[in-house]
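> Residue-level listing of the chains:
Number of protein chains: 2
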Amino acid sequence: MINREWHLLSRPVGWPKPEDFALVETPVPTPGEGQVLVRNKYLSVDPYMRGRMSAAKSYTAPFELGKVMQGGAVGEVVASNAEGIETGDHVLHFFGWREYAVMDAKHAVKVGPTAVPSVKVDADAQDVPLSAYLGVLGMTGLTAYAGLLRTASFKEGDVVFVSGAAGAVGSEVGQLAKLLGASRVIGSAGSDEKVKLLVEEYGFDAAFNYKNGPVAEQLREAAPDGIDVYFDNVGGDHLEAAIGSLNQGGRIAVCGMISVYNNTEPAPGPKNLARLIQTRGRIEGFLVGDHYDLQPEFVQKVGPWVASGELKYRETVVEGIENNLEAFLGVLRGDNIGKMIVKL
Amino acid sequence: MINREWHLLSRPVGWPKPEDFALVETPVPTPGEGQVLVRNKYLSVDPYMRGRMSAAKSYTAPFELGKVMQGGAVGEVVASNAEGIETGDHVLHFFGWREYAVMDAKHAVKVGPTAVPSVKVDADAQDVPLSAYLGVLGMTGLTAYAGLLRTASFKEGDVVFVSGAAGAVGSEVGQLAKLLGASRVIGSAGSDEKVKLLVEEYGFDAAFNYKNGPVAEQLREAAPDGIDVYFDNVGGDHLEAAIGSLNQGGRIAVCGMISVYNNTEPAPGPKNLARLIQTRGRIEGFLVGDHYDLQPEFVQKVGPWVASGELKYRETVVEGIENNLEAFLGVLRGDNIGKMIVKL
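In order, the protein sequence lines correspond to chains D and Z.
Going by full-length UniProt numbering, 53 is the number at position 53 of the first sequence; the sequence numbering is gapless.
Going by full-length UniProt numbering, 57 is the number at position 57 of the second sequence; the sequence numbering is gapless.
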């Protein structure tokens with residue numbers, strides 16, 4: 001049996017190029033004592049992976065050159081030498097970018113209705129599909145939840161602005177804010193189609209296409225009374241605009257700055273940081289890895305909203321391990337609507 | 001009897017010019033029922049006053065054109081129609097930029113050893129001089145205390161960096177950090193003389209002259225293991241350097257950005273804000289006015305250190321109401337060492 005997996009060959013400079021990577025064939029590994037062999041069904045591709053392709057010291061170790069990359073994945077256990085996990089179980093783990101993975105049982109978390117019973121709220125509610133554990137109920141969703149509630153100290157009545165709002169994290173931030181009592185939720189995205197989706201499907205109060213005009217002007221129009229919370233996925237002009245519209249005591253949670261990740265020369269930052277003084281404003285970065293303690297609370301609270309359809313999500317599904325890299329580049333370009341998933 | 005007071009005639013564009021102001025003679029006012037007449041002895045001049053000279057909406061109302069400006073002052077009560085305040089009492093109030101002031105008794109706070117007994121720690125300790133209530137034990141000191149402890153969440157063992165460190169706020173920040181258990185305190189200032197003062201008199205562990213080379217390089221040298229807290233008085237290059245040296249969980253309290261106050265074109269902000277994500281760093285602005293609740297705790301704790309000489313401070317004293325404007329401009333230029341005081 002053959003396994004295929006994606007290796008990083010060289011560290012991308014600027015935009016990642018196909019020759020920085022290779023899809024390599026290897027034998028399917030055999031699980032040792034206490035290990036399981038998982039056949040992956042869904043792979044996650046996320047913007048943060050760009051950071052791990054660089055050598056720079058960061059919050060996680062860089063991917064190693066000549067080795068398989070990593071990422072969230074959900075798969076089916078096809079062989080088990082571990083107690084408590086059986087063949088046929090579905091597990092969430094971190095050995096993505098490959099078809100088959102061997103891991104110690106402690107790195108595999110059982111998912112699905114039997115693993116998280118609270119997600120099935122009543123007999124009529126649909127089960128949550130497996131791929132949801134890579135997105136709306138997984139790391140993506142926890143990122144939205146922790147950033148909004150903990151880092152941005154969201155409270156009922158807040159006006160919330162989120163950039164990259166049609167993305168997996170952004171669309172969940174906006175909907176969670178509404179479900180939790182925001183007085184107004186504003187999103188920005190990069191196409192008119194996405195803007196329509198935000199308002200018509202996700203229930204944002206207002207949304208704009210940042211390519212249609214200066215962000216600061218469009219934000220002032222969409223939030224005439226200012227904003228209390230900004231959930232930043234993009235940095236750059238958006239961050240400057242948010243600081244400009246920040247109300248007294250406003251909080252900015254910095255989740256990502258996708259607008260600057262592929263810059264080879266660092267771009268200048270916001271010109272209006274001095275506004276933080278008069279507004280007593282706060283800008284704070286966060287990483288979901290610091291907030292795994294919230295995961296049970298998060299699944300308890302948000303799982304039923306997903307199962308009932310109150311919290312909507314979309315997936316852009318790309319098929320086949322051979323398209324894993326292209327799917328990742330698509331996320332960086334913003335091709336996806338909702339969570340980008342690779343289905344094997 | 002003649003009173004002299006400084007009026008704002010026009011809103012300065014860029015650097016304030018003498019013709020934007022006038023020293024005006026008026027009759028000494030008479031206190032009404034419940035009011036006191038105070039002859040000012042010491043006037044405060046502070047960088048934040050530049051903000052009030054502009055029309056822009058800010059945290060306090062702009063100074064009115066054609067009217068006397070305001071600021072902290074300490075004076076002697078020379079006539080009282082108010083209960084509880086007697087002729088001869090010394091009071092702290094907010095009617096500076098003038099020789100004589102009339103005010104409701106509620107706006108006058110009695111100061112001196114009898115008003116704050118805890119400041120006199122033992123029979124040998126010197127009394128705290130009146131001018132201290134404009135600086136080291138006044139709004140200046142509370143700014144240092146609140147920004148360090150509340151906004152920057154200072155804790156024992158932190159490495160602390162402060163810019164404008166030879167200034168009134170900065171020198172107190174550094175000394176408080178040391179007295180409260182910082183593992184290392186680093187300051188920057190704009191002359192070799194000030195740098196010497198920081199290390200030799202105020203007990204900073206390291207200090208550098210930001211005019212002698214790039215701030216980022218000098219900071220890395222002075223704080224090879226990074227910084228946990230940055231107390232920002234200047235913005236610009238200093239802020240960028242601090243973000244670059246920020247440790248995991250680092251906190252930046254933004255007190256002022258004197259480097260940008262007189263810019264007519266806003267300067268670009270720090271290029272490295274994305275570092276806030278991996279460091280989980282925080283940048284937060286604050287205004288001392290939100291932290292007056294800390295004043296009693298602050299005077300209780302810091303007063304004895306001032307009286308005993310453990311907390312050192314300097315004043316640059318300019319004499320005469322006619323030099324009030326020049327003293328203020330001197331603060332913007334950085335002419336002062338320690339708190340700039342105008343003595344009448």
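Hints listed in this document are in silico derivations from the structure and should not be mistaken for laboratory results.
It is possible that some hints are incorrect.
Pairs count within a copy or across copies, as identical chains cannot be separated in the list.
Heads up, simulated SDA-like pairs for lysine to any residue below, C-alpha to C-alpha not over 25 angstroms straight-line [unchecked claim]:
| id | residue 1 | residue 2 |
| --- | --- | --- |
| 1 | Lys343 | Leu180 |
| 2 | Lys17 | Glu319 |
| 3 | Lys271 | Pro16 |
| 4 | Lys106 | Leu329 |
| 5 | Lys67 | Leu9 |
| 6 | Lys196 | Gly14 |
| 7 | Lys211 | Lys271 |
| 8 | Lys271 | Arg52 |
| 9 | Lys211 | Asn272 |
| 10 | Lys271 | Ser54 |
| 11 | Lys17 | Gly157 |
| 12 | Lys155 | Ser54 |
| 13 | Lys67 | Leu23 |
| 14 | Lys271 | Pro12 |
| 15 | Lys211 | Pro266 |
These figures come from a predicted structure and were not determined experimentally.
> Give the relationship of lysine 271 and proline 16 under a CA distance limit of 25 angstroms: within one copy only, between copies only, both, or neither.
For lysine 271 and proline 16, the Cα distance is within 25 angstroms only across copies (22 angstroms; inside one copy 30 angstroms).
> Using 25 angstroms as the alpha-carbon threshold, which applies to lysine 211 and proline 266: within, between, both, or neither?
both (21 angstroms within a copy, 24 angstroms between copies)
> With identical chains treated as interchangeable, where does the CA-CA distance between lysine 211 and asparagine 272 reach 25 angstroms or less: within a copy, between copies, both, or neither?
Both ways: lysine 211 and asparagine 272 sit 22 angstroms apart in one copy and 24 angstroms across, limit 25 angstroms.
> Evaluate lysine 271 and proline 12 at a C-alpha cut-off of 25 angstroms and name the case that applies: within, between, both or neither.
This pair counts as between: shortest inter-copy Cα distance 21 angstroms, intra-copy 30 angstroms.
> Is it within a copy, between copies, both, or neither that the alpha carbon of lysine 271 lies no farther than 25 angstroms from that of arginine 52?
between (29 angstroms within a copy, 20 angstroms between copies)
> Under a CA distance limit of 25 angstroms, which applies to lysine 67 and leucine 9: within one copy, between copies, both, or neither?
Result: close within a single copy only, 8 angstroms intra versus 70 angstroms inter.
> Quick one: lysine 211 to lysine 271, C-alpha cut-off 25 angstroms, is that within a copy, between copies, both, or neither?
This pair counts as both: shortest intra-copy Cα distance 20 angstroms, inter-copy 22 angstroms.
> Is it within, between, both, or neither for lysine 17 and glycine 157, if the alpha carbons may be no more than 25 angstroms apart?
neither (45 angstroms within a copy, 45 angstroms between copies)
> Please sort lysine 17 with glutamate 319 into within, between, both or neither, judging by C-alpha distance up to 25 angstroms.
Within. Shortest intra-copy distance 20 angstroms satisfies the 25 angstroms Cα cut-off; inter-copy 68 angstroms does not.
> Indicate which option fits the pair lysine 106, leucine 329 if close means a Cα-Cα distance not exceeding 25 angstroms: within, between, both or neither.
Neither: 31 angstroms inside a copy, 65 angstroms across copies.
> Under a CA distance limit of 25 angstroms, which applies to lysine 343 and leucine 180: within one copy, between copies, both, or neither?
neither (32 angstroms within a copy, 56 angstroms between copies)
> Indicate which option fits the pair lysine 67, leucine 23 if close means a Cα-Cα distance not exceeding 25 angstroms: within, between, both or neither.
within (11 angstroms within a copy, 75 angstroms between copies)
Checked against the numbered hints given earlier, this structure breaks hints 1, 4, 6, 11 and 12; the rest are met.
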